[in-house]
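Based on the provided sequences and hints, a complete structural model is requested.
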Amino acid sequence: MNNASFLILCIFVTIVFYVWDISQHRKTLNRAMLKVHWQHKIFVNIHLKQMCSVYPMLSKVTASFSQSKLQDDSIQEIVSRSKLLDIIDKQQLNKEIDDLMENGSENDKDVFIWYLLTCLWIQDYKYHHMKVMNIEKETQKLKDEKSERDRILNRGFCLM
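By the count of our numbering, the sequence shown reaches residue 160 at its end, each step adding exactly one.
A couple of the hints might just be wrong.
Stated by the list, open to error - The calculated label-pair distances, taken between Cβ atoms and stated as ranges, are:
(1) I15 to M130: 28 to 38 Å
(2) D99 to V36: 26 to 36 Å
(3) I15 to K95: 43 to 53 Å
(4) D21 to I113: 24 to 34 Å
(5) Y127 to T14: 24 to 34 Å
(6) I135 to D110: 29 to 39 Å
(7) K126 to K95: 52 to 62 Å
(8) I15 to N45: 44 to 54 Å
(9) N134 to V16: 26 to 36 Å
Note that these hints are calculated values from the structure, not bench results.
Backbone N, C-alpha and C define an ideal beta-carbon position, used for all residues, glycine too.
Laid out in structure tokens, this is it:
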């Protein structure tokens, strides 16, 4: 019986540390990838100047991220600066992306990939931020309900 308990405990501890290590590894990789992504911004700025005559909308939206100090700002500022394109601009951007995929050079495609990764990170942050905000709202609601219940119970109602 003791051996089985010890074995179960060892397996449990191993699983916990494995999950924790995987989590730490992913965080480290994400930080490193984000750092490399923002360092790649110099390359993007150089090639944007060459792209602006061929792909004006893609150059415009990519420049909105690459020609600012976003890597120095907090992630909240990056998200607050991002906005959705209107329908006409989005259609033009889609046409330019289609043309780029068919006829673009490797450097043009690298700039597009940089822009795409930036958008994906912003979208991912918005999604996780909304989940955290919902959890905080639910927690506050539970705290408010508990304090209301405690306030009612402390009045000393007598049911007899």
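Verification of the supplied hints:
1. A beta carbon spacing of about 30 Å between I15 and M130 agrees with the range 28 to 38 Å that was offered as a hint.
2. For D99 and V36, the hinted distance range of 26 to 36 Å is satisfied, since their beta carbons lie about 28 Å from each other.
3. Hint check: I15 to K95, Cβ distance near 50 Å, so the stated range 43 to 53 Å holds.
4. Distance hint check for D21 and I113: the Cβ-Cβ separation is about 30 Å, which falls inside the suggested range of 24 to 34 Å.
5. Checking the proposed 24 to 34 Å range against Y127 and T14 shows it holds: the Cβ atoms sit about 32 Å from each other.
6. Range check, I135 to D110: about 38 Å between beta-carbon atoms, so the 29 to 39 Å window is met.
7. For K126 and K95, the Cβ-Cβ distance of about 26 Å falls outside the hinted range of 52 to 62 Å, so the restraint is violated.
8. The beta-carbon spacing between I15 and N45, approximately 46 Å, falls within the hinted interval of 44 to 54 Å.
9. Taking the beta carbon of each, N134 and V16 are about 27 Å apart, inside 26 to 36 Å as hinted.
The structure fails to meet hint 7 from the earlier list, while all remaining hints are met.
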